[in-house]
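**Q** Spelled out, the chains give:
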Amino acid sequence: MKARLALTLAMASLWHRKKVLALVCLTLTLSVSLLLGIQYLRTEVKQSFTSTISGTDLIVGARSGQLNLLLYTVFHIGDATNNIRWSTYQSLKEDSRLEWLIPISLGDSYRGNRVVATDENFLQHFRYGRDLPLELAEGHWFEGVFDVVLGAGVARSLAHQVGEQIVLSHGGGRTSFSNHEDTPFTVTGVLAPTGTPVDQAVYIGLDGMEAMHVGWESGVAIPGRTLTREQAEDRDFTPDAITAAFVGIERQVLTFRIQREINQFAGEPLSAILPGVALSELWRLMGQFERALLGITGFVVITSLIGLIAVLLTLQAQRAHEIAVLRATGASPALIASLYILECVALALAACVLALIIGMAGLSLASPWLLANYGLQISLRPLTATEWALLAAVPVAAFMVALIPAFGTWRQSRRLGFGEAADQ
Amino acid sequence: MTSKTDSTNNSSRSTETAIEVSGLGFSWDPVQAPLSFPDIALKRGDHLFLHGPSGSGKSTFLSLLAGMLRPDTGSVRLLDTDIHHLGPGARDQFRADHMGVIFQQFNLVPYLSTRANVTLPCGLSELRKKRTEPTVADEAERLLAALSIPEDHWQRKVTRLSIGQQQRIAAARALIGAPGLILADEPTSALDADNRDRFLELLLNLAHRHNTSVLFVSHDQSLARHFGNQLELRGDRT
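As given, the protein sequences belong to chains A and B, one line each in that order. Using this note's numbering, the first residue of the first sequence is number 6, and each one after it goes up by one. Using this note's numbering, the first residue of the second sequence is number 5, and each one after it goes up by one.
Source of the hints: derived by calculation from the structure; they are not laboratory data. Some hints here could point you the wrong way.
Here are some chain A residues the structure puts well away from chain B; computed CB gaps all over 12 angstroms [unchecked claim]: (1) 21; (2) 49; (3) 85; (4) 129; (5) 149; (6) 234; (7) 315; (8) 323; (9) 325; (10) 327; (11) 330; (12) 334; (13) 350; (14) 374.
Here are the simulated DMTMM-like cross-link-like pairs (lysine to aspartate or glutamate), alpha carbons at most 25 angstroms apart as the crow flies [said to hold, decoys possible]: (15) B:47 - B:33; (16) A:7 - B:145; (17) A:98 - A:255; (18) A:7 - B:137; (19) A:7 - B:142; (20) A:98 - A:215; (21) B:47 - B:190; (22) B:134 - B:20; (23) A:7 - B:130; (24) A:98 - A:266; (25) B:161 - B:142; (26) B:161 - B:196.
In this text, a Cβ means the ideal position worked out from N, Cα and C, and glycines have one as well.
Using the sequences and the hints given, assemble the complete structure.
**A** Structure representation (C-alpha cells):
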C-alpha cells in the first residue's frame, strides 16, 4: 500500500515540476539516444564491414602486405604495388585444386569510381554478406569489348541508365585530365545495391581494359595510335598482366597449403591472403576509434545524469515543507527517500523509452540517406543483448546517483521535529 | 510550570486517555539544564488548549508528543501506548494511525489535488483507511463539504487556494479516518478573526463527532474560551 502511495506521490511530484524536469529528461534522452545509436551503428557497421567479401578463400596479388592487398582489391583504396603476369594467372587457373578464379585488373577510374576489369566469373562467384551473390538490377553483364556494368552507387549518384555511353578516365583519382575519349563504353547493366564497395565501381571486361589502352603505352594517348570501336571488334586483347585474383578453393582444408605454395611461387613474387583474417585485422585497427567513441558517449550519459542530480538537489530546497508535512503525517524517512529514487528512475525510464522511439524514427529516416551517401546498409533490427544491457544500465545508473539526494533526505528527515522544515 | 488540566469536561465518551504526559524533560544542549514540560492527563475526546508564547518550547513539546524527538526524562502515553518505547518505524506508523496534524502554514503537499491531500493519511495507514465510511473518497468529500470547501475546488491544485481554505483542507486531512488525537500548531495564526472562530468551531465540532481529542497550541489567549481544558507552557528549566 505504501509502495503505491510512494509511486502516486512520485508521479504527481514529477508532473508538478514538469517544465524543469522535461528539459532534464530531454538532455538525458538525447544522450541515451546517442549512446544507443552509436552502439547500434557500431554493430551494424562491423557487420557490414566484415561481410564486405565472403566465399573468397584467397586473394592473390603481387608481393605486398596483407592489408594493402585487401585495401586495393576489395575496398578500392590505394594502389597495387605490382601486377601478376598473365602466364602466372594461367598456371593458377590450371591448378585443379582451385575451384574458380576471378581476375581483377585495376588502374583506371570513372569520375572518382574505380574501373574494375574482370570477367564473367566475378558475377558468378563473387559473394558478399551472408554468402549473397551479385545480382543485376537492370540489363545484363558485359559481353562486348566496350560494354560496362555499373555498381549501384555509381548508377544512382550519376543517374546513368542502361544504354548510355560513358567515357572512362586514365588513372585513378576523382578528376582526371586524360580520358579514353576514343573508346566510349556502353552501359549494359546495373548491379543491385550490396552496401559494399562493389557499389562504388564500374565493371568492364579484361579485353575492354586492353582495348582502351592501345596507343597509351607512353601513359598518354598518341593521336592516330588509339583504336576506334570498329577497329577493336575483331582483335584479340589477351592482357599481359592482371592486378590480382580472387580464388575459391574446392577443398578448404587445403587453403593454408595453397596459400603457402602461392607465397613461395617460383615464377614471380606473389602474396596470397585470407580475406577474413585481413578484414578482422583491419577492423581491429578501426575498432580502437569506435570503442573510444562509445566511451565518450558513455561519459555524455553520465554527465547528463549528474545534471539530473543537480536539478533534483536544487528542487530539494523547495521540498522542505512537503517533507515536513509527510513526516508529521507518519511517512517514514525511507518512504520520503524513496520518492527521490522513484522520480529519478522514472525519468531515466522515460528517457530510455523516448530514446528508443527517437532512435527508431531516426534510423528509418536516415537509412536511405546512409545507403545513398556512404553505401551503408543499415536496417531496423531487434536490439541485441548488449544493446539492451546498455539501455538497462541507464536506469540502474540513475538509481545509483539518486541515492545521493535520497540519502541526504533520509538522514535529514530522521532528525526533523514536528512541523519543522529542513534547513538547507 | 503550572498545570491547570481540568478533567471534569463531560464531553468524553470513553474512559481511554488521549494524552498522558509525566515528568517530561528535554535538552537540546547537554550543558544547559533541560526544559521541563507540564504533566498532562487528557481523556479521549477532550480538547486541550496549550497557551505558549514564543520561546516557551512549544515546538519541542509537540515534537516530543508526536514522537519525533526522544525525551531525556519522563514518558508520553498516547491512547494508552508509551510511544517512546516504540521503535522509530513503529512511532512513524503510530503517528500515521492515530494522529492528525495541522501546522501554522505550508500544510499541504503542493503537487497534490485538494482531495489527494485530504486522503493522504489513508495511504499511510490501513487503520484510518478502514475507518472511513463507506470509502476514502466519500469521507474526504463529506469532510470537505462540512468544512465548506466548494466542490469545484476538490480536484484543483491546492496552491491556488486561499490560506483559509488551505487550513480547512489541512483540518479535513487531520480528521479523516477518525484518529484519536489531533496536534494543531497555531493553525489559526494566519487567519482573520472571523475565519479563526469559524475554523475552530468547525474543527472542534467535527472532532467531537469522531471522538477525536484536539491539542491546540496557540499564543492567542483569546481562543482559550473554546476549550474545556487549558494549560500554560512557560519553558521552565529545572
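**Q** Of all the hints numbered above, which does this structure not satisfy? Sort the numbers upward.
**A** 1, 8, 9, 10, 11, 12 and 15
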